[in-house]
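J.: Chains as they are written, first to last, in this note's numbering: chain A, 579 to 859; chain B, 579 to 859; chain C, 579 to 859; chain D, 579 to 859.
If you're looking for bench data, these hints aren't it; they were derived computationally from the structure. Just so you know, these numbers come straight off a predicted model, no measurement behind them. Just to be clear, a hint being listed does not mean it is correct.
Pairs count within a copy or across copies, as identical chains cannot be separated in the list.
[Unchecked claim] The calculated lysine-lysine pairs, modelled on DSS-like cross-linking and capped at a C-alpha distance of 27 Å, are:
no.: 1; residue 1: Lys656; residue 2: Lys736
no.: 2; residue 1: Lys656; residue 2: Lys774
no.: 3; residue 1: Lys590; residue 2: Lys755
no.: 4; residue 1: Lys755; residue 2: Lys585
no.: 5; residue 1: Lys755; residue 2: Lys656
no.: 6; residue 1: Lys606; residue 2: Lys592
no.: 7; residue 1: Lys736; residue 2: Lys774
no.: 8; residue 1: Lys613; residue 2: Lys700
no.: 9; residue 1: Lys606; residue 2: Lys736
no.: 10; residue 1: Lys691; residue 2: Lys606
no.: 11; residue 1: Lys802; residue 2: Lys656
no.: 12; residue 1: Lys691; residue 2: Lys736
no.: 13; residue 1: Lys592; residue 2: Lys613
no.: 14; residue 1: Lys691; residue 2: Lys603
Listed below are the residues making up each chain.
4 protein chains.
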Amino acid sequence: MELSRFKEIALKYKVIFFDAYGVLKTYKGILPGVKEMLVFLQENNIDFYVLTNDASRSPELLVKGYHNAGITEITQHKVISSGMLAREYIQNKVEHGRIAYLGTEASAHYIEKDGLQTVSIKDLDIETCGDVTALVFLDDEGYDWNVDLNKTLNLLRKRPIPVIVANTDGTYPVAKKDVAISVGAVADMIEKLARKTFIRFGKPDSQIFNYAMENAVRDDSATKNDILMVGDSLVTDIIGGNKFGIDTCLVLSGNILPENYELMIQSLGIIPDYICESVAT
Amino acid sequence: MELSRFKEIALKYKVIFFDAYGVLKTYKGILPGVKEMLVFLQENNIDFYVLTNDASRSPELLVKGYHNAGITEITQHKVISSGMLAREYIQNKVEHGRIAYLGTEASAHYIEKDGLQTVSIKDLDIETCGDVTALVFLDDEGYDWNVDLNKTLNLLRKRPIPVIVANTDGTYPVAKKDVAISVGAVADMIEKLARKTFIRFGKPDSQIFNYAMENAVRDDSATKNDILMVGDSLVTDIIGGNKFGIDTCLVLSGNILPENYELMIQSLGIIPDYICESVAT
Amino acid sequence: MELSRFKEIALKYKVIFFDAYGVLKTYKGILPGVKEMLVFLQENNIDFYVLTNDASRSPELLVKGYHNAGITEITQHKVISSGMLAREYIQNKVEHGRIAYLGTEASAHYIEKDGLQTVSIKDLDIETCGDVTALVFLDDEGYDWNVDLNKTLNLLRKRPIPVIVANTDGTYPVAKKDVAISVGAVADMIEKLARKTFIRFGKPDSQIFNYAMENAVRDDSATKNDILMVGDSLVTDIIGGNKFGIDTCLVLSGNILPENYELMIQSLGIIPDYICESVAT
Amino acid sequence: MELSRFKEIALKYKVIFFDAYGVLKTYKGILPGVKEMLVFLQENNIDFYVLTNDASRSPELLVKGYHNAGITEITQHKVISSGMLAREYIQNKVEHGRIAYLGTEASAHYIEKDGLQTVSIKDLDIETCGDVTALVFLDDEGYDWNVDLNKTLNLLRKRPIPVIVANTDGTYPVAKKDVAISVGAVADMIEKLARKTFIRFGKPDSQIFNYAMENAVRDDSATKNDILMVGDSLVTDIIGGNKFGIDTCLVLSGNILPENYELMIQSLGIIPDYICESVAT
């Protein structure tokens, strides 16, 4: 497949969904040309949103990161995180008791609900867990993996409760060649050992795309044909967008390198509608 | 958990989503009391839809089966099958070439599109497959498993195309104690051997619930709080409804027996809002 | 890693274990130079055996194929097939009843035992299966996949019996670019649907190496240090030999192509002691 | 299946292989009647060995635990741990460089080799890991799971080295109802994220049975027919013994409770030759 220029493609759509990591930013900060591109979209009346598998920080805090880097175009309303789907689940389905979570205190933002208490697994006394009514995997930080994952497994052996995984990613990049294990991989291990079926939120599942379309996109006349998903990962962004029924654009500024995108597409059979070097083109 | 009477529960909702197999019918035919229950819903202005993991027959043919059994309350508009999501994908994302499929000619209904040709794997000549642009798993019948699954695997080794699985179920009941292997299990085997990532439609994935809500439900004022999902399977119907954010009701007339539903709920951690012996109660 | 010449390496060992497919032969017949190499081994008093994941034909029939191609150096005593391990299991552990199998009549050779009856799944009446005491997956031919795999699944739902898989391979080559699905992949699908734990025989499991060393190798003084495993597959031959504790040699005449062996070794982390273009070098 | 008395069964064999946990001891200590049973075996000239999935401590230390509890019948020669297979692999296959490990310093006993250095992952500097030639998972203790598992994953992204898992268990019991996550489950998570193929040692794989038979059993005339494997787990001890071709005896003093052993055997299709309440019967 030939490479396209991103701005030419963007002009065909009313709404653009961006993945964050590898598309707008990397471990080093905002990618060059992102601000100009967002201004270009605004000038052309193209709306945009950031869809991110992240439940470690609230949209307020996520937006603060962009603002600190001078990207004021991304406002709080424009960020849709997988944590927001976990929050919707808690609001709809958990009515009493305490909600246990794995993550930092900042991540617990997503599971707060009037009248309900939250408790970090690290503070949970397993002997008095009879009132725990749900467990949520939010972040890979904020607890001792050895002690608290053992405690989590034993909680699930004692309490028949729904388990929500608010970030399905397996790893995330932390340096040029280094990655860190994400809470999604930790949840996979515990699910297999506990022999439960967990509830997962985040790309590639279609629910986050639908949530964005229903709750965020301002232009009610926009249909699936008017939306483009832009991402750096075939197995989350591109297959997710394809399945949801919107057009997709792979960028080569993150997960997949320019030298092997053709092999990756061919071997996985996941085919984007467009490929661009980056969103700055 | 205590058992509830279905009609009492139904009165709390504006819209009911029913699974078909094990809820409305079994291998022996329509379950007793189903017609009376549907009339009761109509008398009380409660709308209802059938959400089924099935791509073997068109909604027309599915409805005919109900009508032949005297259930005229289920009209074509009320049936949402996973095949319809495959059709939406084909309409949105496949623009040229031939679409290969595994299934009967009746199932090919779902993948017909103006200007495109369809070809059953059993009729495909693997030497001239260069114009095949998608592959769809529709049904476990209509082809020779040995010859044609080998052909399917080799097609995927030659052509980097998207693969759609229009029914994710592993087995389906065919007699009191006997089951048949469903096309979903066959697709799992081929996906693993081909090392591709297939696109799957059907419960428990939220897309079929969303499709029903957007394209079928007539009352536009109905929100997720107004909808109840009724099913006999924890791992497709109940977890799917829970994840989508609607209330769920497990019935014990199919997959799960009255003597072990408590153990099943406890061991899987998938918790319905209500449990009823059947929809006839 | 640098390529070595096979004959130079062979001289360091007392015994050589060869994989068959991709090492001694392909779908087109015996590879060039194999006969000369085997004569070279005999002249240098190096013993050799063929270790093959195959239960479709008896060692007699397997040897006949070599003899017809002029390779008389491979005698019946020199062939160790995974079917022979299935036979040992049947001899040791099944004492009465009928043994059901998936495969041709030729493959049933491996499961015959004095006083026991065998029955092909295609001839089994599921209504009178109460005396079936074991099930063996032998070959992908000899039965109707659709009808008889459904029958197999229902047999396992009725009878709590051990299930033996006599060939763990997922696919096998049948032409330059085409493969066929092997009985190992079929068994994986049925095992998952039946939620049983099957007993598997064949490389990479160490049992076939041990069987060869104990039952075939004539020189009782030969230790693991005196044996070399030669194969074309990292995930069966090389990891199997490495784990068993013998030296290993990858050849590039089959499964892995000369242009990507370095990438494959690096990405899998399975490291042979030597690499040769073929056994003819 | 009917329950048998263990001593009556034992008299039919020359050699008995015992699993340790759930058979001879639990988290509370040695099970009642074990010493008397071992004395009974000695009086009847029946030899015995302990086969355990454990690489956390050397046989010396494992034996010390029995001796402190008064079980002097279990000597160092009688303990075969999965760590000993990892040691054999290192001796045979790793010739230079440093061997990295996850575990305590006590567990590193298994991977020491003349001329080679070992390094705990917790002490490894990832910037200077170019001389690391193998990685071994030994124990779930001795390192920080979060920091050091991330370091392990990045080591495997940088170095194409063999990875050995010296204990395949997923969990182990630590109190009446509580379990701890074992190093086998941690290795599964890392293997999936790194997309490598690890080498595993321990039951149910046949290699530990073969190692015991070849290296430990004193009576060289003993054949597989003379050996009985006694264990509390169907999926490690019983299927492992069955596959290796020796008789098997399930005891109900550990993993599987007297009230559900019939259901477990039926649902898994793993069938022991005998069942006993405990080895004290």
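J.: Give a verdict on every hint.
T.: Hints versus structure:
Taking the closest pair of Cα atoms, Lys656 and Lys736 never come within 27 Å of each other, the shortest separation being 40 Å inside a single copy and 37 Å across copies. In this homomeric assembly, Lys656 and Lys774 never come within 27 Å of each other (Cα to Cα): the closest approach is 34 Å inside a single copy and 33 Å across copies. With identical chains, the CA atoms of Lys590 and Lys755 are never at most 27 Å apart, being 35 Å at best within one copy and 41 Å at best between copies. Taking CA atoms no more than 27 Å apart as the test, Lys755 paired with Lys585 passes in neither setting, with 29 Å inside one copy and 41 Å between copies.
In the homo-oligomer, the alpha carbons of Lys755 and Lys656 never lie at most 27 Å apart, since the shortest distance is 30 Å inside one protomer and 47 Å across protomers. In this assembly of identical chains, the alpha carbons of Lys606 and Lys592 never lie at most 27 Å apart, being 30 Å within a copy and 51 Å across copies at closest. Proximity of Lys736 to Lys774 under the C-alpha cut-off of 27 Å is found in both arrangements, the shortest distances being 12 Å within a copy and 26 Å between copies. Proximity of Lys613 to Lys700 under the C-alpha cut-off of 27 Å is found in neither arrangement, the shortest distances being 40 Å within a copy and 41 Å between copies.
In the homo-oligomer, the alpha carbons of Lys606 and Lys736 lie at most 27 Å apart only across protomers (21 Å), although the nearest pairing inside one protomer, at 43 Å, exceeds that limit. Proximity of Lys691 and Lys606 under a CA criterion of 27 Å is satisfied in neither setting, with 35 Å inside one chain copy and 42 Å between copies. In this assembly of identical chains, Lys802 and Lys656 lie within 27 Å of each other by CA distance both inside one copy and across copies; the values are 18 Å within and 23 Å between. Taking the shortest alpha-carbon separations for Lys691 and Lys736, only the intra-copy value of 24 Å comes in at or below 27 Å, while the best inter-copy value is 44 Å.
Proximity of Lys592 to Lys613 under the C-alpha cut-off of 27 Å is restricted to the intra-copy arrangement: shortest distance 19 Å within a copy versus 47 Å between copies. In this assembly of identical chains, Lys691 and Lys603 lie within 27 Å of each other by CA distance neither inside one copy nor across copies; the values are 32 Å within and 40 Å between.
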